[in-house]
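Student: Read top to bottom, the protein sequences are chains R and D.
Anchor point for the first sequence: position 308 equals 378 in my numbering, and the numbering is continuous, going up by one each time.
Anchor point for the second sequence: position 323 equals 594 in my numbering, and the numbering is continuous, going up by one each time.
Some hints could be false.
Non-contacting residues of chain R with respect to chain D, defined by C-beta distances greater than 12 Å in every case (computed) [as the list claims (entries may be wrong)]:
1. 105
2. 178
3. 193
4. 382
Quick list of in silico lysine-lysine cross-link-like pairs, DSS-like style, CA-CA up to 30 Å [claimed, not checked]:
5. D:486 with D:515
6. D:404 with R:217
7. R:271 with D:521
8. D:379 with R:217
9. R:271 with D:396
10. D:515 with D:482
11. D:379 with R:211
12. R:217 with D:396
13. D:273 with R:271
Calculated from the structure, these hints are not laboratory results.
For every residue, glycine included, the Cβ atom is placed at its ideal position computed from N, Cα and C.
Read off the chains here:
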Amino acid sequence: MTAATRVSPVRFRDAQIEMAHGAGGKASRRLVEGLFAPLLYGAAHEPLSDAALLSINGTSLAITTDGFVVNPLRFPGGSIGELAVNGTVNDLAVSGARAQAMAVTYVLEAGLSMEVLHAEVLAMAHAAQRAGVRIVSGDTKVVEHGKADGMYITTTGIGSLIRGVNINSNSVRPGDKVLLSGPIGDHGITILLARGDLDFKTELRSDTRSVLPLVEALVAAAGPGIRWMRDPTRGGVATSLNELARDCRLGVVLDEDQIPMHDAVRGACELLGLDPLHIANEGQFLVVVAPEYSDAAINALNLSAGGENACAIGTICMEPLGSVLVTTSYGGRRIVDMLVGDPLPRIC
Amino acid sequence: MKFVDEFREPELVIRTAEEIRRLADPSRHYRVMEVCGGHTHAIYRFGLKDLLPENIELIHGPGCPVCVLPMGRIDDGLALAQQTDVIFAAFGDMMRVPGTNGSPLEHKARGMDVRIVYSPSDALKLARTNPNKHVMFFAIGFETTAPSTALTLMRAKAEGIRNFSVFSNHVTIIPAIRAILDSPDMRLDAFIGPGHVSTVIGCRPYEWIVKDQYKPIVISGFEPLDILQSVVMLLRQLQAGEAKVENQYKRVVPWEGNRAALHALAEVFQLRPYFEWRGLGFISQSALRIRDAYAEWDSERRFEVPGVRVTDPKAAQCGEVLKGVLKPHQCKLFGRECTPEHPIGALMVSSEGSCAAYYNYEHRKTATTSRLGRTA
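Given these sequences and hints, build the entire structure.
Tutor: Quick look at the structure:
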């Protein structure tokens, strides 16, 4: 294919960048598919995944990059440094790759205390050690005071492909099962509460972790049946599954009562008028498996540390085409769309 | 989860739905208005329409405070916030509501100091921590949120916090229901009455509906069982030829309302002679202004208000949808020019707005089925 035929038209027409363009929902997708992909890659119509698979001189590998801007820097259950390692490890893992090496860029704000920086570097070192990935390269930039919320971190990871699994949304078929690795919403709600604007007291902790051990256990038990995986970070489970439904031109039907969730997440979402399916996760992933592999996959996850609550939450169906439908045990149904903008609490 | 799961118990929900089917006269068509946006949201979120027989039609009412706000008020509020050293504080509900030159969030992206707060007292806290700025709280809501605004103003006065003011858009529910009933194109059989508003005003103010119009009204909670049980109660009244005010939401709503909250309202607010509602036009005695004793904390008196009046885009039929004359998808712009991402009217923004609720939870359920039917 020549460069000339690969360039797709730019369709991004928004007048300015809004917070919504970074929230992982519809606006983010429009920005990537309408501007970045056509100009930088040239094939906006190809399903976009969490990591790119490349073949260099006959060696297959996966590459991904991720930026981390989180406020506050530390929160119950984790911190920006830990997120920055786990996020990239997870993007590779759900693409069927084992992170091998990582490069890191720090954007630091003048005035950042050495204590805070030291703690985050240490958090990264520990997370990298736990995930079995080496941090081999880096860069540092310092910006004026007040310009970077303390620090921003970008990590880029390369990984080797895990044998025995092939992730492709085009392989998803009606009747396939949708599995989830554990309870949703912990990270997003923890961050919301850690900002201190709400006087809620909960025991919630961010779920940030490497999901690689779970993915490896899953592949060992049900590799040939795995069609698709994704870690539902910003935009939550609803956004990931809507992307899947759109990419594979099928419908996703979820059983609401099966979706695992801590009571504190449910309670906070009820009070604030948020949909837990739109809340960010940092240590969970979704899997679509062929129905005959579903039990083996769930068993393998349940037997692995941290996968005890993994379960089937839904099925791939012919309809609703390109959408996600949630059903309740009493027969109510509703469509769940991608997140539009940031999740905003509803008060009045 | 306590106090939630009991009201979503599948078996009870199914049994109540069966009771509704038994009670509904198949030869009749029932038009029931749920006044409150919270009910509209719950009906779509829990898929309750799937549980009701086809001859019970739920009409979405005007009880979404963001939706009934005319665009000019948003423009006025944002214009005041353009001044230097002003912090514009509002609930998350307001943030994506379009003004003529964009929503509060879009103004924030252009550099305006816009903050999301969870209560009016959070806005007052902002004023305390930013003594060199003026914090303007853009207040919205029916009698549900107005008492907390009132208490916040009382505290601001008591503490002498002078860098704080309220731009009051508080409205009252009863005149809106009256306006809907006076509208000639409405033929309603019964009302699902607002739950949260009634925790404050109680059940008595609805008694005139019964007297004047002979329409049953049941004050309802927001869980699936609450709403279905309210429909059962309404059907029983209709069958018996009765029309009275009943309280399904007794666990929260006292018949006489909340005296302390009503007292705070009376202390701080008085009725405006008239106020413009989107879609419903000017309704007399339907909104709250801040009393003279609190004039110093009234944004409309502290600052020069432009008093913008903006007519809605001609093609948009927000008014008809707000009154329940049109269903959301019957509006010419629905799902095409007007979507949650690019809303033209506020009904498409607030999750309590019937257009957003319909767009998010409902329309593709049917749209995709029919499309599949054609291509299969």
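Student: With reference to the structure, classify each hint as holding or not holding.
Tutor: Tested hints:
1. 105: holds, 16 Å
2. 178: holds, 24 Å
3. 193: holds, 29 Å
4. 382: Correct as stated: the minimum Cβ-Cβ distance to chain D is 19 Å, above 12 Å.
5. D:486 with D:515: holds, 7 Å
6. D:404 with R:217: holds, 21 Å
7. R:271 with D:521: holds, 28 Å
8. D:379 with R:217: Roughly 16 Å separates the two Cα atoms, so the pair holds.
9. R:271 with D:396: holds, 20 Å
10. D:515 with D:482: holds, 9 Å
11. D:379 with R:211: holds, 27 Å
12. R:217 with D:396: Since the Cα atoms of residue 217 of chain R and residue 396 of chain D sit roughly 24 Å apart, the hinted pair holds (cutoff 30 Å).
13. D:273 with R:271: holds, 17 Å
Going through the hint list in order, the structure satisfies each hint without exception.
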